[in-house]
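There are 2 protein chains.
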Amino acid sequence: MAKGLPVVEIFGPTIQGEGAVAGMPTYFVRLGGCDYRCIWCDSMHAVDPYEWTKTATWMQPDEIITAIKALPEGPQLISLSGGNPAIWECMPLVQALHMANYKVCVETQASIFRPWLREADLVTLSPKPPSAGNVTKIDIVKKFLLQLTDLGPVAAPIKVVIKDNWDLEYANELAGEVGTVTSTMYLQPMNQHVNAEGDPSYEEMLSAYKDLITRAQDFPHLQNAIVLPQLHVLLWGNQRGV
Amino acid sequence: MAKGLPVVEIFGPTIQGEGAVAGMPTYFVRLGGCDYRCIWCDSMHAVDPYEWTKTATWMQPDEIITAIKALPEGPQLISLSGGNPAIWECMPLVQALHMANYKVCVETQASIFRPWLREADLVTLSPKPPSAGNVTKIDIVKKFLLQLTDLGPVAAPIKVVIKDNWDLEYANELAGEVGTVTSTMYLQPMNQHVNAEGDPSYEEMLSAYKDLITRAQDFPHLQNAIVLPQLHVLLWGNQRGV
Chain A
1030 MAKGLPVVEI FGPTIQGEGA VAGMPTYFVR LGGCDYRCIW CDSMHAVDPY
1080 EWTKTATWMQ PDEIITAIKA LPEGPQLISL SGGNPAIWEC MPLVQALHMA
1130 NYKVCVETQA SIFRPWLREA DLVTLSPKPP SAGNVTKIDI VKKFLLQLTD
1180 LGPVAAPIKV VIKDNWDLEY ANELAGEVGT VTSTMYLQPM NQHVNAEGDP
1230 SYEEMLSAYK DLITRAQDFP HLQNAIVLPQ LHVLLWGNQR GV
Chain B
1030 MAKGLPVVEI FGPTIQGEGA VAGMPTYFVR LGGCDYRCIW CDSMHAVDPY
1080 EWTKTATWMQ PDEIITAIKA LPEGPQLISL SGGNPAIWEC MPLVQALHMA
1130 NYKVCVETQA SIFRPWLREA DLVTLSPKPP SAGNVTKIDI VKKFLLQLTD
1180 LGPVAAPIKV VIKDNWDLEY ANELAGEVGT VTSTMYLQPM NQHVNAEGDP
1230 SYEEMLSAYK DLITRAQDFP HLQNAIVLPQ LHVLLWGNQR GV
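As given, the protein sequences belong to chains A and B, one line each in that order. Those letters in the first sequence? Residues 1030 to 1271, per my numbering, in order. Those letters in the second sequence? Residues 1030 to 1271, per my numbering, in order.
Hints in this document: simulated from the structure, not taken from any laboratory. Each hint should be verified, as a subset may be incorrect.
Claimed, not checked - Pairs of lysine-lysine, DSSO-like flavour, derived with a Cα cap of 27 Å: (1) B:Lys1192 / B:Lys1171; (2) A:Lys1239 / B:Lys1132; (3) B:Lys1239 / A:Lys1239.
Sequences are here, hints too, so could you generate the full structure?
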């Protein structure tokens, strides 16, 4: 921890746009670095080492808290995102945030387990389906989930981004294996414009959303899966820092 | 129960568009009758007695379940709505739904408590703020919540529709009184087109949503309140039966 953690951006108050705490006011702390290179990654500035290593500020937990407190007054929830924050040792940060009276939710693809994740208030597992180009194997997700919930109850919803039918088949298999037992399953239509110019139109986003609601019903393990759009993209397009 | 319950509509599978289970696939069972006459009611066909008493079918629990099973195969969640379903004795229906392996979530303004509500899996309290024309007094909501959670844990989120600053002040006072202790608070921008011709535009809906996210941060007890749009209105406008 001598160097601290590589912080790419800290912003808020805004809302969490996805998954189990969608709509909940939060500050975001985004760390650089990722073990994956998803084709449709929407945070490549925190993933591509040529980019994030140039822009990140290495910060200690107390410096991160000072930076949050310098933002407009707001909620008690901190969303720790990336990249994949699980490539780093975040125990001191999570503990410092808790001492400062914040709750912490983390998003990770479930590829790497770290004991500090058990200290978080909520961990969203966001395993990557076939369309991402690098799949998070279902037995890896299962093992991660067992390690995470081993010592006590941690809220551990699973969120899968869906581009096509192979992704739905992946999510269905995953839900059959782990979803109904230990976790809630969320499906999210893929952001089609992530690597394109401009923002998706409302019509495109809501049409993909509507389509996913219908198609999920064809998969036996997804009939109870929660289907949510990316609220922040509906609100602000692909703009950063909101 | 000789007459059964006055069912105005049964439809699905669709998603729950609001509040704590937003995005969750569900069937809807809408009962006629309400003790309120909210100015911006979006289900007046189930509230106005001249209308619902003509269109409702009085059904026994087993008939309601048969009607659900006649719809396309889908989720295990039944949303029991109205009007205000709490004006009726729904214990036999909730028990029959549970026997048939469904989960039940109920929406009510918290004006009338009934013991059968304790049997539901989730009760969304949707007390009415000043802009509705009939306010649900805060001490009534508090009493309802205490009665509801008296014998055990029932998930009991509170959802307040927000039109203006008075509504935010109401929600803030409510959150200060009950929200942080026993329940999660949801804020929802008012559907501006409920009594108007046509559907609201995406721009209008998302601009009201964005505005509410920002304004809620000015109220000390609402800084952690979850702000969600009406997903079903984004998807389908004010169309019925979806």
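In ascending order, which of the hints set out earlier in this document are inconsistent with the structure? The structure breaks none of the hints.
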